[in-house]
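S.K.: One line per chain: the protein sequences are A and B, in this order. For the first sequence, our numbering gives the first residue as 1, with consecutive numbering after it. For the second sequence, our numbering gives the first residue as 1, with consecutive numbering after it.
Since the hints were made in silico from the structure, they are not lab data. Among the hints, a few may not be true.
Here are a few chain B residues that face chain A, going by a calculated C-beta distance under 10 Å [unchecked claim]: (1) G10; (2) K12; (3) R17; (4) R29; (5) Y30.
Chain A is faced by these chain B residues, among others (derived, beta-carbon under 8 Å) [as the list claims (entries may be wrong)]: (6) V18; (7) H24; (8) P26.
Quick list of in silico lysine-lysine cross-link-like pairs, DSSO-like style, CA-CA up to 27 Å [claimed, not checked]: (9) K297/B <-> K80/A; (10) K618/B <-> K80/A; (11) K77/B <-> K302/B; (12) K297/B <-> K78/B; (13) K77/B <-> K80/A.
The C-beta atom is built at its ideal place from N, Cα and C for all residues, glycine as well.
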Amino acid sequence: MSEPQAPAFRRAVVALNGGPSDERIVRLVAEHARHTKAELIGVHVVEIDWTLPLDSDIAGRSEEVQRVLDAAEAVAEESKVRLEPVLLQARDVGAAIVDEAVERAADLLVVGLPYRKRFGGEFAIGRTIPYILQNAPAAVWVVRDPISEEPR
Amino acid sequence: MIGGRRPLQGRKPGDRRVRLERPHAPYFRYTGRGQLTAREAASAPTTPAGRMWASIRGFFVGRPLASEDELGERLAKKKALAIFSSDAISSSAYATEEILRVLILGGAAAMAFGLEISIAIAVLLIAVAVSYRQICIAYPGGGGSYSVSRRNIGRTVSLVAASALLIDYVMTVAVSTSSAVEQITSAFPILFDERVLIGVVAIGLITLGNLRGLREAGNIFAVPTYLFIGSAMLMIAVGTFRIVVLGEGASYGPELRDQVTGTIQPLTAILILRAFAAGAVALTGTEAIATGVPAFKPPEAKNAATTLAVMALLLGILFIGLTFLAVNFGISLIEVPVKQTVISQVAHEVYGDGVPFYLFQAFTALLLFLAANTSFNAFPRLLAILAADDYMPRQFALRGDRLAYSYGILVLSSLAAGLIVIFHGETHLLIPLYAVGVFIDFTISQTGMIRHWLRERSPGWRRRLSINAFGAALTATVAVIVTSVKFFDGAWLVLVLIPVLVGLMSFIHRQYDLQAAELRVREEGLLPGPHREQRVIIPVNGINRAVVQAVNFGRAMTRDLRAVYVTDDLDEADALRARWERQLPDVPLVVVESPYRAMISPVVAYLDILDQAWPPDKEAPLTIVVLPEYVARHWWDRLLYNQTSKRLKSALVGREHTVIADVPYRRGH
Numbered sequence: 001m002s003e004p005q006a007p008a009f010r011r012a013v014v015a016l017n018g019g020p021s022d023e024r025i026v027r028l029v030a031e032h033a034r035h036t037k038a039e040l041i042g043v044h045v046v047e048i049d050w051t052l053p054l055d056s057d058i059a060g061r062s063e064e065v066q067r068v069l070d071a072a073e074a075v076a077e078e079s080k081v082r083l084e085p086v087l088l089q090a091r092d093v094g095a096a097i098v099d100e101a102v103e104r105a106a107d108l109l110v111v112g113l114p115y116r117k118r119f120g121g122e123f124a125i126g127r128t129i130p131y132i133l134q135n136a137p138a139a140v141w142v143v144r145d146p147i148s149e150e151p152r
Numbered sequence: 001m002i003g004g005r006r007p008l009q010g011r012k013p014g015d016r017r018v019r020l021e022r023p024h025a026p027y028f029r030y031t032g033r034g035q036l037t038a039r040e041a042a043s044a045p046t047t048p049a050g051r052m053w054a055s056i057r058g059f060f061v062g063r064p065l066a067s068e069d070e071l072g073e074r075l076a077k078k079k080a081l082a083i084f085s086s087d088a089i090s091s092s093a094y095a096t097e098e099i100l101r102v103l104i105l106g107g108a109a110a111m112a113f114g115l116e117i118s119i120a121i122a123v124l125l126i127a128v129a130v131s132y133r134q135i136c137i138a139y140p141g142g143g144g145s146y147s148v149s150r151r152n153i154g155r156t157v158s159l160v161a162a163s164a165l166l167i168d169y170v171m172t173v174a175v176s177t178s179s180a181v182e183q184i185t186s187a188f189p190i191l192f193d194e195r196v197l198i199g200v201v202a203i204g205l206i207t208l209g210n211l212r213g214l215r216e217a218g219n220i221f222a223v224p225t226y227l228f229i230g231s232a233m234l235m236i237a238v239g240t241f242r243i244v245v246l247g248e249g250a251s252y253g254p255e256l257r258d259q260v261t262g263t264i265q266p267l268t269a270i271l272i273l274r275a276f277a278a279g280a281v282a283l284t285g286t287e288a289i290a291t292g293v294p295a296f297k298p299p300e301a302k303n304a305a306t307t308l309a310v311m312a313l314l315l316g317i318l319f320i321g322l323t324f325l326a327v328n329f330g331i332s333l334i335e336v337p338v339k340q341t342v343i344s345q346v347a348h349e350v351y352g353d354g355v356p357f358y359l360f361q362a363f364t365a366l367l368l369f370l371a372a373n374t375s376f377n378a379f380p381r382l383l384a385i386l387a388a389d390d391y392m393p394r395q396f397a398l399r400g401d402r403l404a405y406s407y408g409i410l411v412l413s414s415l416a417a418g419l420i421v422i423f424h425g426e427t428h429l430l431i432p433l434y435a436v437g438v439f440i441d442f443t444i445s446q447t448g449m450i451r452h453w454l455r456e457r458s459p460g461w462r463r464r465l466s467i468n469a470f471g472a473a474l475t476a477t478v479a480v481i482v483t484s485v486k487f488f489d490g491a492w493l494v495l496v497l498i499p500v501l502v503g504l505m506s507f508i509h510r511q512y513d514l515q516a517a518e519l520r521v522r523e524e525g526l527l528p529g530p531h532r533e534q535r536v537i538i539p540v541n542g543i544n545r546a547v548v549q550a551v552n553f554g555r556a557m558t559r560d561l562r563a564v565y566v567t568d569d570l571d572e573a574d575a576l577r578a579r580w581e582r583q584l585p586d587v588p589l590v591v592v593e594s595p596y597r598a599m600i601s602p603v604v605a606y607l608d609i610l611d612q613a614w615p616p617d618k619e620a621p622l623t624i625v626v627l628p629e630y631v632a633r634h635w636w637d638r639l640l641y642n643q644t645s646k647r648l649k650s651a652l653v654g655r656e657h658t659v660i661a662d663v664p665y666r667r668g669h
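Work the whole structure out from these sequences, hints included.
M.R.: Listed below in structure tokens is the structure:
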């Protein structure tokens with residue numbers, strides 16, 4: 001028997017950052033989920049500044065925030081897979097994603113990584129993905145955006 | 001909502017998060033800046049009666065499809081051939097019979113011309129098919145001859161083409177259904193008296209199938225078409241083998257041979273022309289593919305053109321083959337004691353009296369029922385194109401739950417069922433009305449294509465132009481022949497109906513034009529706010545919560561408001577006035593005494609005198625009649641309330657410078 005291309009999963013939490021990588025990762029996970037009939041949960045976290053109460057009415061009113069989840073749901077539907085959209089407000093994005101994955105008993109966490117450089121030209125991974133890699137109990141897929149330009 | 005939601009604790013102290021509800025999510029999806037797309041739940045009915053109707057409809061027609069599913073509903077070539085070609089292919093089942101029905105008058109010598117006539121019709125078929133392939137490619141938007149002539153000839157001619165097509169599509173349903181019923185009654189004569197009922201029920205079932213959408217209709221209808229094609233081809237092969245190789249076959253009986261002696265040549269020539277005209281019904285349905293190009297999967301035009309070529313090839317083989325067998329087996333018409341169709345006699349001759357014969361009859365009947373289906377696709381599509389161009393009511397351009405043009409489908413089935421009832425399901429009574437329109441249509445479309453090529457002058461235009469010119473000349477000749485030989489048998493009716501329909505469509509177009517001119521707003525510059533004065537009139541029945549809510553609504557709009565109380569009891573009016581002045585002193589109350597107890601007319605008359613009293617040098621004000629309305633809790637108690645308001649509303653609808661505003665009062669508001 002041949003090795004499967006990707007490990008099977010039952011329930012995956014897909015972290016959505018509202019960027020162009022969302023469509024790519026949802027499509028990728030949905031294609032796998034379609035064959036395994038796995039559940040997909042799309043999570044978008046709005047980071048709330050410490051100056052505001054955590055439950056202040058920020059994300060609920062934002063059309064842009066809602067669009068992130070609606071677009072992900074539509075992409076999953078195109079692959080004939082249902083994605084449950086979840087909108088969170090939290091102080092720390094990484095912690096909220098990991099906690100949601102734990103609560104949902106997800107066995108896969110998928111995050112997109114935009115290809116960004118720090119001032120000075122060094123690749124910047126940010127702080128959310130390292131946090132997830134260190135703390136998520138489930139398997140983690142990190143899908144990096146393609147490099148649009150050849151590095152000099 | 002958020003305020004009441006307790007933050008969820010994370011694994012580490014301080015890691016807390018709030019999960020937000022998304023109330024829009026079941027009903028809408030944000031798809032762009034300031035743009036929402038409704039989901040299925042938002043389109044679902046909200047009342048119990050509406051939900052019940054929707055579930056009944058869902059059971060018969062299927063669940064609603066989203067517009068984005070349209071591409072999935074498109075047809076692959078195999079299904080499209082079954083859907084759009086069943087009409088043309090099925091005409092091979094009765095075209096031979098129509099030829100022989102005429103030739104029989106000339107005896108056996110004339111009957112022998114059957115094969116030559118069918119070959120001549122097949123040549124005509126090739127010319128028409130080649131020409132329509134060009135139309136598919138040049139006009140991928142569909143609409144066939146209507147679109148071609150509208151673009152290249154002019155409005156009136158295009159409407160003539162559309163009218164001719166519409167008539168022919170209705171006739172196709174009526175003729176093919178009644179012919180299918182004849183196939184059944186040929187095999188089971190006991191059902192002869194029920195032919196009208198069988199025909200109407202069959203149309204109902206095909207209607208239902210089409211309301212379920214194009215792809216499902218394709219699934220339902222594809223199998224019988226291919227079964228007929230397969231079994232008919234087998235029959236032709238076996239029959240031809242027996243005639244050509246085994247030397248079997250028969251000549252016409254002595255009663256037909258005896259007629260030969262007195263046959264006069266000119267009479268035979270006329271008979272042959274008539275037979276040609278009768279057999280030309282074989283070409284009906286050829287244009288359907290060009291009308292429905294957008295129903296094909298991409299590349300639409302190429303797929304449609306290929307399907308058209310396959311259809312013409314199959315039809316040609318079937319038609320010539322069946323006529324060859326009929327002539328060589330010496331088959332003529334049997335009308336008594338029960339009609340036996342020519343194709344059923346040919347099948348009987350080839351397959352004998354066993355199961356294959358009954359199977360073939362069943363396939364033929366099924367195909368003939370499905371031939372109607374071609375029209376069910378083409379007719380609503382043409383109506384939709386006409387509606388989009390404002391020549392038909394706009395509802396015909398709306399697609400139903402299953403992406404089918406439901407209104408067009410229902411109109412077509414009603415008209416065709418009506419024809420079956422009126423003509424008692426007799427095919428030969430319907431045939432004279434048939435095929436007249438289609439040749440007018442062929443001629444118009446090919447003439448349009450000549451002008452198309454002259455204008456476009458794209459590579460190979462000379463060759464294409466000559467194909468269309470040849471086709472136009474040929475079909476114009478056939479149109480004249482068909483119309484003249486069938487004129488007194490009923491074709492005159494078509495010639496009357498076409499101008500009537502053209503007139504109707506022109507009238508509809510003019511009405512829409514007038515409306516558009518009335519509603520047009522200039523495209524440049526800012527549109528100013530209201531500049532007319534407004535006044536509010538509130539008919540009241542006393543002081544209650546509904547009235548107070550209506551008065552407050554009026555107060556928000558203007559200071560010029562007054563309440564009107566119509567009564568025949570002045571004591572009651574005095575009591576109301578006393579209370580009104582105490583509780584609503586800023587709103588004048590006008591009491592209209594109505595000694596004849598009328599409630600509506602005095603209000604209208606009061607509005608009239610207000611208008612007349614307005615200074616003639618000032619622009620007339622906008623009168624807003626605010627109607628307090630109590631919202632009933634149950635469907636049955638709606639009868640108890642607001643009856644006067646409803647009557648007043650009917651009296652005021654359409655009144656100049658008047659707006660009616662309902663202010664509903666709901667319990668607890």
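S.K.: It remains to establish, for every hint, whether it holds in the given structure.
M.R.: Checked hints:
no.	hint	in the structure
1	G10	holds (4 Å)
2	K12	holds (7 Å)
3	R17	holds (4 Å)
4	R29	holds (4 Å)
5	Y30	holds (4 Å)
6	V18	holds (4 Å)
7	H24	holds (7 Å)
8	P26	violated (11 Å)
9	K297/B <-> K80/A	holds (21 Å)
10	K618/B <-> K80/A	violated (64 Å)
11	K77/B <-> K302/B	holds (10 Å)
12	K297/B <-> K78/B	holds (11 Å)
13	K77/B <-> K80/A	holds (25 Å)
Going down the numbered hints, you'll see the structure goes against 8 and 10, while the others check out.
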